[in-house]
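Undergrad: What follows is each chain in one-letter form.
There are 2 protein chains.
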Amino acid sequence: MILRPGATVGILGGGQLGRMLAMAALKIGLRCHIYAPEVEAPAYDAAHDCTIAAYEDEAALRKFAAGCELVTFEFENVPTATLAFLETLLPVRPNSRALARTQDRLTEKTFLRDLGLETAPFADVPDVGALARAVRDIGRPSILKTRRGGYDGKGQTMIREGSDLGAVHRALGAGPMILEGFVGFEREVSVIAARSLEGAVVSYDLCENEHERHILARTRVPARVSPALAPVARDLAERVLAGLDYVGVIGVELFVARSEDGEERLIVNEIAPRVHNSGHWTLEGAETSQFEQHMRAIAGWPLGSTTRRGVIEMRNLVGEEADDWRDILAEPDMSLHLYGKLHARPGRKMGHVTRVLRGA
Amino acid sequence: MILRPGATVGILGGGQLGRMLAMAALKIGLRCHIYAPEVEAPAYDAAHDCTIAAYEDEAALRKFAAGCELVTFEFENVPTATLAFLETLLPVRPNSRALARTQDRLTEKTFLRDLGLETAPFADVPDVGALARAVRDIGRPSILKTRRGGYDGKGQTMIREGSDLGAVHRALGAGPMILEGFVGFEREVSVIAARSLEGAVVSYDLCENEHERHILARTRVPARVSPALAPVARDLAERVLAGLDYVGVIGVELFVARSEDGEERLIVNEIAPRVHNSGHWTLEGAETSQFEQHMRAIAGWPLGSTTRRGVIEMRNLVGEEADDWRDILAEPDMSLHLYGKLHARPGRKMGHVTRVLRGA
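Chains as they are written, first to last, in this note's numbering: chain A, -19 to 340; chain B, -19 to 340.
One should not assume that every hint holds.
The list cannot tell twin chains apart, which means a pair is met if one copy fits it or any two copies do.
[Said to hold, decoys possible] Below, in silico cross-link-like pairs of lysine to aspartate or glutamate (DMTMM-like), each with a Cα-Cα straight-line distance of 25 Å or less:
#  : residue 1 : residue 2
1  : 43        : 240
2  : 134       : 240
3  : 134       : 38
4  : 43        : 29
5  : 43        : 20
6  : 43        : 233
7  : 134       : 168
8  : 125       : 293
9  : 125       : 304
10 : 43        : 301
11 : 134       : 241
Read the hints as simulated data drawn from the structure, not as lab findings.
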């Protein structure tokens, strides 16, 4: 199903990603209907319609679906059952299986390994007994993560020499977990790619990411890695997208590790089945933003050019960093984005700043 | 009065200019409340709030003002009385005198002449008797225009040899008019400029405009004129902005004429006290778009860089031209904008397309 201009796209989730998706929709003549449980959310201001309801509220979902021509999501922790229910009513892009597979760290890692992609070594930890065996197999340091939920470093703990396995397991809620080996990496990078309804794939140049306290602090494009990695990243994104029968934009988080022979190689850390924070630079820095790209893909429209406009730096404004908005506005080469959040809390992403420098 | 992020700006007028202003507001964390009489309008989708009411409805205006921290307008035919009324309640930027002066072609031309700027010769035509005298003074061909209202070629008629003055006067409604001499020009250009609350002025590079059936068809930046005109245009814009005690973005439409000595010179045609169609290229083609620039100016924030990113072509999609949206999307170097208008009528601006080519 291909949309016409003027059609309404439903978006599950009301955060800044939904806000920027809705702004991209406005640019190309689409309307958005945001569905989210929060009373206040950044995306509502940019939407044609809003439904404030729980993801489990079938009556609200049914009414929402009746007012939309297709549905997408900006938040990867939407319950899979919500998407599966909506799929009985209208097209959902990307599909609910793609979301389900990436929502669970164990099925995600298994999927990646089955595609032949390198990941950190991992082991299923259904219970605390399995944890002791997994730590023996994978060693320390390693990282214990809940299979579901968690973002920006939540829901995970490092297992070090002397860690009390039982205590760590309890602190993470004693549910189903995965143990991941610690990967010694040189850089964190990501590839943002999109797949159209017909299966065409485009990808943006590799982004280099720096995190602070598990939150993305800065992205630099192009990543300072060997040019030989570019086709590797592109191919990897294509395999992930095709493997998920995906339509829309995806973010694939990668580690750059150096092999014993001195060659750089890519290890897949995580898939984000949505537009991605490390792709915000595309708003100024690429011919088509990741947000417009996602809307084009799910609408069944041609994908746009991913050509980069220069060397780009993107910095997140986290918590009180957004208080510097006026100084940022006064810098001639900085482009300020604020998400309309009324209250700055520590760790809360309030906006971002992009700087496009000339050159390649 | 300087706004804080999160503040609400009221915008009078609901067209595509209001839509793109509201989108720029979303980018920098401001909210918009659109006030317009139309039941359906492009700007509503991008706004936090909408009031659908007549410009003369004082109760509605009062309620609107109570929900905003300042007011601006995207439509120059808002009644001056509406702005003057709002000015008793909250800041209005640009101010109502600036609007009043530019709404009336006679006071506008007089203002420009008093600033020492060249305009077409003109004469006041209060009635049909004055028309005969004015035509004797100014000659034929000349253009008879209503003093108020009219855009895209509406409200004006060419007076040629043999024109029946009485019939032309009646056809234009027999109200107050102005007769303007016909200017032989080589090109139509425009300068988009902004003035901050503190009186700082920035301007974009001269835009070269082509009209078809009195509607802007294409803009090319930079204009193909002598580089010597750039400071002239900038100075001219500064004088107009200071003369109107203006805050916000203005569009000044100019003719490029060639003097007998072969030098190019600028003749002011018209002032648009708002963001301007010939400035739409700034969305992709400049470091700060005219829409963000206007919001920054009226918010009392620092103005942004007007640096151009290349050679730019902007084409309006008028009427059925917007039916080509899919072909345009498939062109890798074109950026499509659609205004969300559901019905294409001849002469109706449905969207625009921008192409940024490398180079100066």
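Undergrad: Each hint should be assessed against the structure and marked as holding or not.
TA: Hint by hint, here is what the structure shows:
no.	hint	verdict
1	43 to 240	neither (57 Å within a copy, 70 Å between copies)
2	134 to 240	neither (32 Å within a copy, 75 Å between copies)
3	134 to 38	neither (29 Å within a copy, 52 Å between copies)
4	43 to 29	both (12 Å within a copy, 23 Å between copies)
5	43 to 20	both (20 Å within a copy, 22 Å between copies)
6	43 to 233	neither (36 Å within a copy, 49 Å between copies)
7	134 to 168	within (18 Å within a copy, 59 Å between copies)
8	125 to 293	neither (30 Å within a copy, 52 Å between copies)
9	125 to 304	neither (35 Å within a copy, 50 Å between copies)
10	43 to 301	neither (39 Å within a copy, 35 Å between copies)
11	134 to 241	neither (35 Å within a copy, 74 Å between copies)
Violated hints for the displayed structure, listed by number in ascending order: 1, 2, 3, 6, 8, 9, 10 and 11.
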